[in-house]
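With the sequences and hints as input, model every part of the structure.
Chains as they are written, first to last, in this note's numbering: chain E, 2 to 195; chain D, 2 to 195.
You may find that some hints are simply not true.
Pairs involving identical chains hold if they fit within one copy or between any two copies, as the list cannot separate such chains.
The calculated DSS-like cross-link candidates involving lysine-lysine, where the alpha carbons are at most 27 Å apart (straight line), are [what the hints assert, rightly or not]:
1) 112 / 156
2) 128 / 114
3) 128 / 4
4) 128 / 112
5) 146 / 112
6) 146 / 128
The hints are simulated quantities; they were obtained by calculation from the structure and are not laboratory data.
2 protein chains.
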Amino acid sequence: MTKRIITISREFGSGGRTIGREVAARLGIPCYDQEIIDEIAEKSGLARDYISEHGEYVSSAGWWGSLLGSRDYYGNSPQDTLWSIQSRVILDLAEKGPCVIVGRCADHLLKGKADCLTVFIHASLEKRAERIVHVYGESSEAPEKRLRDKDRRRKAYYQMYTDTEWGLAANYDLALDSGTLGIESCVDIIAGLF
Amino acid sequence: MTKRIITISREFGSGGRTIGREVAARLGIPCYDQEIIDEIAEKSGLARDYISEHGEYVSSAGWWGSLLGSRDYYGNSPQDTLWSIQSRVILDLAEKGPCVIVGRCADHLLKGKADCLTVFIHASLEKRAERIVHVYGESSEAPEKRLRDKDRRRKAYYQMYTDTEWGLAANYDLALDSGTLGIESCVDIIAGLF
Numbered sequence: 002m003t004k005r006i007i008t009i010s011r012e013f014g015s016g017g018r019t020i021g022r023e024v025a026a027r028l029g030i031p032c033y034d035q036e037i038i039d040e041i042a043e044k045s046g047l048a049r050d051y052i053s054e055h056g057e058y059v060s061s062a063g064w065w066g067s068l069l070g071s072r073d074y075y076g077n078s079p080q081d082t083l084w085s086i087q088s089r090v091i092l093d094l095a096e097k098g099p100c101v102i103v104g105r106c107a108d109h110l111l112k113g114k115a116d117c118l119t120v121f122i123h124a125s126l127e128k129r130a131e132r133i134v135h136v137y138g139e140s141s142e143a144p145e146k147r148l149r150d151k152d153r154r155r156k157a158y159y160q161m162y163t164d165t166e167w168g169l170a171a172n173y174d175l176a177l178d179s180g181t182l183g184i185e186s187c188v189d190i191i192a193g194l195f
Numbered sequence: 002m003t004k005r006i007i008t009i010s011r012e013f014g015s016g017g018r019t020i021g022r023e024v025a026a027r028l029g030i031p032c033y034d035q036e037i038i039d040e041i042a043e044k045s046g047l048a049r050d051y052i053s054e055h056g057e058y059v060s061s062a063g064w065w066g067s068l069l070g071s072r073d074y075y076g077n078s079p080q081d082t083l084w085s086i087q088s089r090v091i092l093d094l095a096e097k098g099p100c101v102i103v104g105r106c107a108d109h110l111l112k113g114k115a116d117c118l119t120v121f122i123h124a125s126l127e128k129r130a131e132r133i134v135h136v137y138g139e140s141s142e143a144p145e146k147r148l149r150d151k152d153r154r155r156k157a158y159y160q161m162y163t164d165t166e167w168g169l170a171a172n173y174d175l176a177l178d179s180g181t182l183g184i185e186s187c188v189d190i191i192a193g194l195f
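Structure below.
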């Protein structure tokens, strides 16, 4: 099976970004993650922090916050504008050639438009809590609480812009538990399918 | 990673049973599927057809049918009794040694009780429709209608006895789309992880 593009959707703290980078390195193709933020920043004038936070998560003020936030003449919130630019950037990157794209609903955006292998990486709350403390260090907030908040907001974002439930196996060619299988096994499986 | 038992949950028509048998053959371990029905029949006196139909699906009369059906002194329906015997049979099989167990909520039953690799096999409605016509032949009912009915009843059964949503990636170590990846790739990935 030859697939041109690999999209990696992931739960926060599951190591999906690391897996994406390692798969890309092994296959000798680019991995787009931070690069997407840079490209959007250049095209939109939005700040990198804003893009990073609002391109995958609903606002921490939740649905009401999104509804009550500022809107342009056409009724679009700044997050809607970001979604539209982000979508364009991802579709353009996919035109360039084989690559790995991490997050940002790329699986949904490229459905039927490119030859994709769509991957979902998840892990238990315990395993992810261990990982975020290890990778990002301690914070004043308990890691489980940070994860639950991130999960809830990413899930809502995905639902809002794709009208599909987040985390359903049926939405992906491949869904892997990086906590039980290990990062290395996940990389082997994905790279082996390309 | 060494896992003693592989459980395969699958959507009807996804080829999960075939994948289970091929994985077991390649690893030289038993695959329990029809054997579970034989064992339950022996232990319970229930007919094989009844076990086959009611051990993975809610009655076609649905929830109301289950509620209104006959109950024993303790309020258990025949399906509850079947669930209890089936659970015992699966836990006993898991004690015997490395094996593949297909369907029947084995993933849920063995959670925390055995060293398991839990797998979910799914495919699009179109791919599954093609497959069931190829494997089981034509029927008076459209294949898509048969599949939707089977999906609905299997999902309700899983929910009723495990109190967990069917088809969520997070419930499995590995979820594979047999329609896009192909049966052979699925077998390779699963056998490679054992």
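Within, between, both or neither: residue 128, residue 114 at alpha-carbon 27 Å: between (35 Å within a copy, 19 Å between copies)
At 27 Å max between alpha carbons, let me know whether residue 112 reaches residue 156 within a copy, between copies, both or neither. Answer is both; intra-copy 19 Å and inter-copy 26 Å each pass.
Same-copy or cross-copy closeness of residue 146 to residue 128 [CA-CA at most 27 Å]: within (14 Å within a copy, 41 Å between copies)
Can you give me the call for residue 146 and residue 112, within, between, both or neither, at a CA distance of at most 27 Å? Answer is between; shortest inter-copy Cα gap is 25 Å, intra-copy 33 Å.
Taking 27 Å as the upper bound on the Cα-Cα distance, should residue 128 and residue 4 be classified as within, between, both, or neither? between (30 Å within a copy, 19 Å between copies)
Which holds for residue 128 with residue 112 at a C-alpha limit of 27 Å: within a copy, between copies, both or neither? between (30 Å within a copy, 17 Å between copies)
Hint compliance for this structure: every hint is met.
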